[in-house]
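Trainee: Listed below, chain by chain, are the residues.
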Amino acid sequence: MSAPRWLRGFRAILFKEFLTIFRDRTTLFFMFFPPLLQIIAFGFALDNDVKHMALAVYDEDRTEESRALVAAFVNTRTFRVVREVASVAELTATIRRGQAYAGLQIPPDFTRNRRAGRPAAVQVLVDGSNSTTALQALNTALGVAFQKSVGILLAETGRTTVPVEVRPQVLFNPELRAPNFFVPGVIGTALQIATVFAAAMSVVRERERGTLENLLVSPLSRAGLMLGKLVPYLCISLTMATGLFLILRGVFQVPIAGAVPALFLAALLYIFALISLGLLISTKAQTQNAALQMSMTIMLPSIFFSGFIFPRETLPGIFYAISTVLPATYFIELMRAIVLRGATWADNAPALLILAAMGLALFTLCALRFPRKVT
Amino acid sequence: MAMIECDRLTKRFGHFTAVDRVSFAVEKQSIFGFLGPNGSGKSTVIRMLCGILQPSGGTARIAGRDVVRETETIKGLLGYMSQRFSLYEELTVDENLSFYARLYGLRGAAERQRRAELIALTHLEPYRQRRAGLLSGGWKQRLAMACALVHQPPVLFLDEPTAGIDPVARRELWDLLFDLSSRGVTLFVTTHYMDEAERCSHVGYLYLSRLIVCGEPDALKQLPAVNPPGARRLEVTCDHVTVGLPAVRRLPGVRAATVFGQSMHLLVDATVGEAELRACLREVQIHHADIRPIAPSLEDVFVTLTSQSHTERAA
Numbered sequence: 001m002s003a004p005r006w007l008r009g010f011r012a013i014l015f016k017e018f019l020t021i022f023r024d025r026t027t028l029f030f031m032f033f034p035p036l037l038q039i040i041a042f043g044f045a046l047d048n049d050v051k052h053m054a055l056a057v058y059d060e061d062r063t064e065e066s067r068a069l070v071a072a073f074v075n076t077r078t079f080r081v082v083r084e085v086a087s088v089a090e091l092t093a094t095i096r097r098g099q100a101y102a103g104l105q106i107p108p109d110f111t112r113n114r115r116a117g118r119p120a121a122v123q124v125l126v127d128g129s130n131s132t133t134a135l136q137a138l139n140t141a142l143g144v145a146f147q148k149s150v151g152i153l154l155a156e157t158g159r160t161t162v163p164v165e166v167r168p169q170v171l172f173n174p175e176l177r178a179p180n181f182f183v184p185g186v187i188g189t190a191l192q193i194a195t196v197f198a199a200a201m202s203v204v205r206e207r208e209r210g211t212l213e214n215l216l217v218s219p220l221s222r223a224g225l226m227l228g229k230l231v232p233y234l235c236i237s238l239t240m241a242t243g244l245f246l247i248l249r250g251v252f253q254v255p256i257a258g259a260v261p262a263l264f265l266a267a268l269l270y271i272f273a274l275i276s277l278g279l280l281i282s283t284k285a286q287t288q289n290a291a292l293q294m295s296m297t298i299m300l301p302s303i304f305f306s307g308f309i310f311p312r313e314t315l316p317g318i319f320y321a322i323s324t325v326l327p328a329t330y331f332i333e334l335m336r337a338i339v340l341r342g343a344t345w346a347d348n349a350p351a352l353l354i355l356a357a358m359g360l361a362l363f364t365l366c367a368l369r370f371p372r373k374v375t
Numbered sequence: 376m377a378m379i380e381c382d383r384l385t386k387r388f389g390h391f392t393a394v395d396r397v398s399f400a401v402e403k404q405s406i407f408g409f410l411g412p413n414g415s416g417k418s419t420v421i422r423m424l425c426g427i428l429q430p431s432g433g434t435a436r437i438a439g440r441d442v443v444r445e446t447e448t449i450k451g452l453l454g455y456m457s458q459r460f461s462l463y464e465e466l467t468v469d470e471n472l473s474f475y476a477r478l479y480g481l482r483g484a485a486e487r488q489r490r491a492e493l494i495a496l497t498h499l500e501p502y503r504q505r506r507a508g509l510l511s512g513g514w515k516q517r518l519a520m521a522c523a524l525v526h527q528p529p530v531l532f533l534d535e536p537t538a539g540i541d542p543v544a545r546r547e548l549w550d551l552l553f554d555l556s557s558r559g560v561t562l563f564v565t566t567h568y569m570d571e572a573e574r575c576s577h578v579g580y581l582y583l584s585r586l587i588v589c590g591e592p593d594a595l596k597q598l599p600a601v602n603p604p605g606a607r608r609l610e611v612t613c614d615h616v617t618v619g620l621p622a623v624r625r626l627p628g629v630r631a632a633t634v635f636g637q638s639m640h641l642l643v644d645a646t647v648g649e650a651e652l653r654a655c656l657r658e659v660q661i662h663h664a665d666i667r668p669i670a671p672s673l674e675d676v677f678v679t680l681t682s683q684s685h686t687e688r689a690a
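Each protein sequence line maps, in turn, to chains A and B. Going by the numbering used here, the first sequence opens with residue 1, and the numbers climb by one from there. Going by the numbering used here, the second sequence opens with residue 376, and the numbers climb by one from there.
If you are wondering where the hints come from, they were derived from the structure by calculation, not from laboratory data. This structure is a prediction, so every number in the text was calculated from the model and none was measured. Please note that a few of the clues may not be correct.
SDA-like, lysine to any residue: derived pairs with alpha carbons at most 25 Å apart [said to hold, decoys possible]:
1) 51(A) x 153(A)
2) 373(A) x 383(B)
3) 284(A) x 429(B)
4) 596(B) x 553(B)
5) 284(A) x 168(A)
6) 148(A) x 173(A)
7) 284(A) x 383(B)
8) 596(B) x 402(B)
9) 373(A) x 389(B)
10) 373(A) x 400(B)
11) 284(A) x 635(B)
12) 373(A) x 440(B)
13) 373(A) x 222(A)
14) 373(A) x 438(B)
15) 373(A) x 443(B)
16) 373(A) x 441(B)
17) 373(A) x 585(B)
18) 373(A) x 553(B)
19) 403(B) x 436(B)
20) 596(B) x 583(B)
21) 373(A) x 221(A)
22) 373(A) x 596(B)
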């Protein structure tokens with residue numbers, strides 16, 4: 001059985017690529033290790049739900065009521081008391097040195113004012129250098145005060161219910177676990193780095209070594225070369241995607257609400273686009289170093305603008321525009337939709353189609369630019 | 376029948392002309408030695424002949440097929456061994472051969488049989504399972520040659536196949552080339568070594584993008600430009616040749632003088648006699664010298680023609 005003319009040499013390249021990949025353990029290691037590291041690191045470390053924040057307390061009142069207030073702060077589980085201080089100066093110094101994120105100062109007349117029915121003020125100092133922790137400390141402190149006040153008012157008026165009650169119900173991620181939000185996104189960026197770079201390298205290395213010249217002299221067809229490079233990396237990256245899905249489910253206990261086949265279709269289309277991008281880079285890059293730089297230039301925006309960490313809606317116009325042309329944007333969106341929201345095929349169709357179109361466009365562009373002659 | 380033909384083949388890169396109107400023909404079964412300094416355009420000519428570089432002008436044919444219009448056809452007619460070792464170092468000898476055989480459409484039994492033939496031809500049997508990257512220079516070149524021959528091409532291009540390998544490996548590689556030539560393969564070899572040029576049936580010399588001479592080595596040595604009328608070439612063997620050389624060069628009528636081991640090669644006016652040379656050498660305390668007439672070497676041919684071409688272009 002002989003291959004059609006347009007596919008000549010495809011099976012030879014396929015044979016050689018698989019041999020090379022499994023022979024070259026370093027490449028294989030560098031394809032698999034960074035994504036694994038990334039998913040583990042992000043899954044465990046990236047948690048913007050801050051618990052047990054360090055709190056310094058300057059209690060000048062020293063009554064049962066002031067101690068109850070401190071206990072109310074601690075009971076939110078947002079705070080833990082790391083130090084009792086004896087002056088305002090010491091309170092601010094503790095925060096300045098980074099030993100506490102927040103400081104609580106209860107004035108000596110706190111209980112007296114409370115009992116007399118006068119407003120009883122307490123001071124909360126918050127370290128604003130980290131906006132995430134500051135915001136949470138602030139909200140929690142206000143919440144504590146609000147709850148205390150409502151309790152007191154209810155007791156004074158003799159009512160048992162509050163006039164307006166909000167009953168929130170959090171859908172899809174009821175415990176608001178950070179891994180549920182981050183890990184599906186990490187899969188997008190982790191796949192990207194390894195796949196784009198490995199595909200670009202596999203061609204650029206041939207150019208550097210001079211083997212590309214031998215391939216050009218042979219009757220190998222352009223499609224044969226491109227598909228011969230595409231298929232092995234598609235297999236490897238899909239294997240990796242499977243591994244990452246298993247980690248998502250098994251290690252981080254994120255339930256997959258949607259259809260698993262949709263998950264794999266999204267991964268397949270995404271990887272196809274990534275490899276095409278890698279091959280496109282290889283048509284331009286003359287050295288492995290240049291390939292590395294070009295890959296990084298394309299990948300960095302995906303980290304920031306794909307909605308992986310910051311919501312895309314908050315991006316200024318130009319960056320939002322960039323985000324719309326990144327394959328990672330659509331893949332991460334799909335991951336969250338399928339894994340967390342259990343989105344249906346119809347819900348996912350637009351993003352899946354966009355990913356498929358991106359892959360086809362990149363592959364076509366690459367086919368047009370792929371070398372037939374040396375330059 | 377001419378297996379390789381170029382007619383005013385030209386390659387320009389921007390304003391730089393890398394190959395300037397080069398014309399020559401290589402007959403079937405001959406070994407064509409292509410010489411010239413680095414950067415003279417040798418590899419560029421080969422790349423155009425192999426169909427992987429678009430010529431800017433002129434035409435080239437392999438076995439009568441135009442390299443531009445019939446690129447796909449000529450790919451089956453030629454083998455190409457590029458300048459540096461360019462095989463897959465992490466694959467074994469067998470795997471490299473297998474890959475190239477498959478690339479040229481061989482499968483199954485045909486592929487195994489061709490592999491066995493090439494292993495036998497290049498004596499690579501003991502190294503079949505060794506990774507290509509671990510072979511020594513000479514064996515790497517044999518493997519590269521075997522890979523270039525998988526599809527039994529009638530024309531084989533070798534770009535500096537012996538650069539950087541030891542003399543024994545070099546000799547063996549040439550034996551292999553003669554073997555191929557005897558089987559009817561036309562060989563096109565670039566080299567920097569004059570002794571290799573002398574082994575070729577035909578040689579061409581490329582200088583500053585132009586082919587300044589082309590022909591059989593013996594015919595080139597008979598060229599009038601190399602053997603100017605009223606002059607003869609002498610070999611003077613004596614002690615302390617490096618002391619004798621400057622003395623002889625000062626002698627009127629000595630046109631050129633250079634050292635070869637224990638002797639000097641001179642190009643002198645016919646009027647300069649042996650007695651005159653001996654007298655000159657005695658002045659620098661050299662009392663014994665053997666003097667005999669010699670034919671020009673290929674190096675003499677290339678040196679003479681290069682300086683001539685230089686003068687012509689300067690004028």
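Trainee: All hints, please: hold or fail.
Mentor: The hints, checked one at a time:
1. Of the pairs offered as hints, the one joining residue 51(A) and residue 153(A) is violated, with about 29 Å between alpha carbons and a cut-off of 25 Å exceeded.
2. With a CA separation close to 21 Å, the supplied pair residue 373(A) and residue 383(B) stays within the 25 Å bound.
3. Restraint check for residue 284(A) and residue 429(B): the C-alpha separation of about 19 Å stays at or below 25 Å, so the hint holds.
4. Under the criterion of a C-alpha separation no larger than 25 Å, the hint pairing residue 596(B) with residue 553(B) is consistent with the structure, at around 23 Å.
5. A threshold of 25 Å between alpha carbons decides the hint, and for residue 284(A) with residue 168(A) the separation of about 53 Å lies outside it, so the pair is violated.
6. Our distance criterion of 25 Å between C-alpha atoms is broken by residue 148(A) and residue 173(A), whose separation comes to about 29 Å.
7. Under the criterion of a C-alpha separation no larger than 25 Å, the hint pairing residue 284(A) with residue 383(B) is inconsistent with the structure, at around 32 Å.
8. Between residue 596(B) and residue 402(B) the CA atoms are separated by roughly 20 Å; this keeps the pair inside 25 Å, and the hint holds.
9. The suggested pairing of residue 373(A) with residue 389(B) holds, with an alpha-carbon distance near 17 Å, which does not exceed 25 Å.
10. Taken as a hint, the residue 373(A) and residue 400(B) pair is honoured in the structure, with Cα atoms around 24 Å apart against an allowance of 25 Å.
11. Taking the CA atoms of residue 284(A) and residue 635(B), the gap is about 50 Å. The hint is violated against a cut of 25 Å.
12. About 18 Å separates the Cα atoms of residue 373(A) and residue 440(B), which keeps this hinted pair within 25 Å; it holds.
13. For the hint linking residue 373(A) to residue 222(A), the alpha-carbon distance of about 11 Å falls within 25 Å, and the restraint holds.
14. Between residue 373(A) and residue 438(B) the alpha-carbon distance is near 21 Å, which keeps this suggested pair within the 25 Å criterion.
15. Of the supplied pair hints, the one linking residue 373(A) and residue 443(B) holds, its CA atoms being roughly 11 Å apart against a limit of 25 Å.
16. Restraint check: the Cα-Cα separation between residue 373(A) and residue 441(B) comes to about 16 Å, which is no more than 25 Å; the hinted pair holds.
17. Simply put, residue 373(A) and residue 585(B) have alpha-carbon atoms about 23 Å apart, close enough for the 25 Å limit, and the pair holds.
18. Distance restraint check for residue 373(A) and residue 553(B): the Cα-Cα separation of roughly 31 Å exceeds the 25 Å cut-off, and the hinted pair is therefore not satisfied.
19. Straight-line distance between C-alpha atoms of residue 403(B) and residue 436(B) comes to about 13 Å, which keeps the hinted pair within the 25 Å bound.
20. At most 25 Å may separate the alpha-carbon atoms for a hinted pair to count; residue 596(B) and residue 583(B) meet this at roughly 22 Å.
21. For the proposed pair residue 373(A) and residue 221(A), the alpha carbon gap of about 12 Å is at most 25 Å, so the pair holds.
22. For the hint linking residue 373(A) to residue 596(B), the alpha-carbon distance of about 39 Å lies beyond 25 Å, and the restraint is violated.
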